[in-house]
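Asks: Read off the chains here:
Protein chains: 2
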Amino acid sequence: MYRAKIFVKRRRTILDPQGKAIELGVKSIGISNVEDIRMDKYFELTVNENDEIVARKIVDKICDSLLANPHLEDYHFELERL
Amino acid sequence: MYRAKIFVKRRRTILDPQGKAIELGVKSIGISNVEDIRMDKYFELTVNENDEIVARKIVDKICDSLLANPHLEDYHFELERL
Numbered sequence: 000m001y002r003a004k005i006f007v008k009r010r011r012t013i014l015d016p017q018g019k020a021i022e023l024g025v026k027s028i029g030i031s032n033v034e035d036i037r038m039d040k041y042f043e044l045t046v047n048e049n050d051e052i053v054a055r056k057i058v059d060k061i062c063d064s065l066l067a068n069p070h071l072e073d074y075h076f077e078l079e080r081l
Numbered sequence: 000m001y002r003a004k005i006f007v008k009r010r011r012t013i014l015d016p017q018g019k020a021i022e023l024g025v026k027s028i029g030i031s032n033v034e035d036i037r038m039d040k041y042f043e044l045t046v047n048e049n050d051e052i053v054a055r056k057i058v059d060k061i062c063d064s065l066l067a068n069p070h071l072e073d074y075h076f077e078l079e080r081l
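Here the protein sequences come in this chain order: G and R. Each residue of the first sequence is one higher than the last, beginning at 0 in my numbering. Each residue of the second sequence is one higher than the last, beginning at 0 in my numbering.
Bound-form chain G, shown alone (with noise of 0.2 Å):
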């Protein structure tokens, strides 16, 4: 059994609009030392498998059919055995 930990992230070279809008929310609470403000997706699910690279196998599946669009995002994940 293991609890994935995935993050989803915008690629890089992709401009992040809520990134930016928390960008000029801190400038309006004072905040003038902070940049480069970026916004991802982070998810957890357990899987009920032993076999670690058939756990991989399904958590692949679920990013690529479900959590990540492939034309703005790319993913990758952690599983620590439960």
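Just so you know, these hints were derived from the structure itself, not from any lab. Some hints could be false.
Note that the list lumps identical chains together, so a pair holds whenever it fits in one copy or between two copies.
[Said to hold, decoys possible] Pairs of lysine-lysine residues, derived as BS3-like cross-links and limited to a Cα-Cα distance of at most 27 Å, are as follows:
| id | residue 1 | residue 2 |
| --- | --- | --- |
| 1 | 60 | 19 |
| 2 | 26 | 56 |
| 3 | 26 | 60 |
| 4 | 40 | 8 |
| 5 | 56 | 19 |
Treat the numbers as computed from the prediction; the structure is a model and nothing was measured.
Since the structure of chain G is provided, determine the placement of chain R on it from the hints.
Replies: Chain R alone, transformed into the frame defined by chain G:
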């Protein structure tokens, strides 16, 4: 100068409707051994500040003021020296 890596997570006692929706999606692609899916937020930002304690206070202020909803969410972060 530090790169902050910030996780903003809905408290585990509070329902995560997006996670539940993804669980339905996972079942719809024929995967039945995955459960307890949570969708959280992940941010990165750069703080132009050399004192780690000051940098930590700046990130706390941004999280408390902008990134995390104190009624529903908790946050934690790590700082990586650049």
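Asks: Each hint needs a verdict: does it hold in this structure or not?
Replies: Comparing the hints with the structure gives:
1. 60 - 19: Between. Shortest inter-copy distance 18 Å satisfies the 27 Å Cα cut-off; intra-copy 31 Å does not.
2. 26 - 56: between (43 Å within a copy, 16 Å between copies)
3. 26 - 60: between (40 Å within a copy, 12 Å between copies)
4. 40 - 8: both (6 Å within a copy, 11 Å between copies)
5. 56 - 19: between (34 Å within a copy, 21 Å between copies)
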